[in-house]
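Please model the entire structure based on the sequences and the hints provided.
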Amino acid sequence: MRIRTLTAVTSALAGLCLAVAGAAPAAAATGSPGRAGAAPRVPVVIGHRGVPVQAPENTLASIDRAARLGVRWVENDVQRTKDGALIVMHDTTLSRTTDVARRFPGRGPWKVSDFTLAEIEKLDAGSWYDRRFKGERVPTLARYLDRVEHNRQKLLLEVKAPELYPGIEQQIVTELRNHGWLDRPHVSDRLVVQSFNATSLRTLHRLRPDVTTGYLGNPKESELRSYAAFADQINPNHTGVTAAWVRAVHALKGPHGRRLQVSAWTVDDGDRAVVLARMGVDGIISNAPHVVADALDGDDDPSFLSDPSSGVEALLDGGA
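In terms of mature numbering (1 follows the signal peptide of the UniProt record, and there is no 0), the sequence shown is residues -28 to -1, 1 to 292.
In short, the hints are calculated from the structure, not lab data.
FRET-style restraints, in silico, Cβ to Cβ: (1) Thr146 x Ala170: 20 to 28 Å; (2) Arg197 x Glu93: 39 to 47 Å; (3) Arg40 x Gly139: 34 to 42 Å; (4) Arg75 x Ser194: 44 to 52 Å; (5) Asp86 x Thr214: 37 to 45 Å; (6) Asp243 x Asp102: 25 to 33 Å; (7) Arg75 x Gly270: 42 to 50 Å; (8) Gly107 x Thr214: 38 to 46 Å; (9) Lys94 x Glu195: 40 to 48 Å; (10) Gly42 x Thr214: 26 to 34 Å; (11) Thr214 x Thr88: 44 to 52 Å; (12) Ala216 x Gly42: 26 to 34 Å.
Simulated crosslink set (PhoX-like; lysine-lysine; CA at most 25 Å straight-line): (13) Lys106 x Lys83; (14) Lys192 x Lys225; (15) Lys106 x Lys94.
Glycine residues also receive a C-beta, built at the ideal position from the N, C-alpha and C atoms.
What follows is the structure, given as structure tokens:
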């Protein structure tokens, strides 16, 4: 599958989005949700934990599947084990996506922070999803970074529940540096670090002010300016996004002097993805990135966007 830029859609968007002239290049195959460019494009499509509709989330199998589908941006979650290792895992417990309850009965609720790396590496992180993935392991962040690099993909890295892991920001920076992810090519076009925790994100920005950062959440328009001091992106739950809110985000500049961007999550419906694209979002995070990409690619007749009789403003502001 080849993910392409929607010239027709983006031309129409140029007339709708007040701040779109400074939009970042966002073609799913080559763009970045973290850098400014000369012309608006279709939103970047980002694989949420890989492609979890086709492979177990946050595993190497999942990002490999994303690579085969042509998905260039993948998202992952990082946490810390009892003995200080960084692993890729979404939940703060291991029970949903591994066989930890069977292997270590009596140790519930099976928190990530209660298990050593050696113990976690024994777990099966694939059979819960499908027997075809039996033996898939929970990857360390180091292995994950190496595989993303091998696949020539780009990374949206989420610091998960950093309040549980004091000092994890410095560990992440060290791991990124050790695996070559803090050189100019990676920092400029291949890496974004995000979190729901504003304090953690401020710490990351202080440690590496050159790295693009994203705040996860739906702040009120009146609160946006406070986040612009340390975040290049505001990445909201898609259900709360309106065209007016996107315009408010785009009207501000982040710590690198570039227009703030928006990557909405988690969008698996093609029709909704098209609506968000027409609102002007810069990225769409999806469990089914290939479905979203196909929907955007197929939306080749956006002529009603410039037709004042179409009711487009109501549609874009969530009124339809």
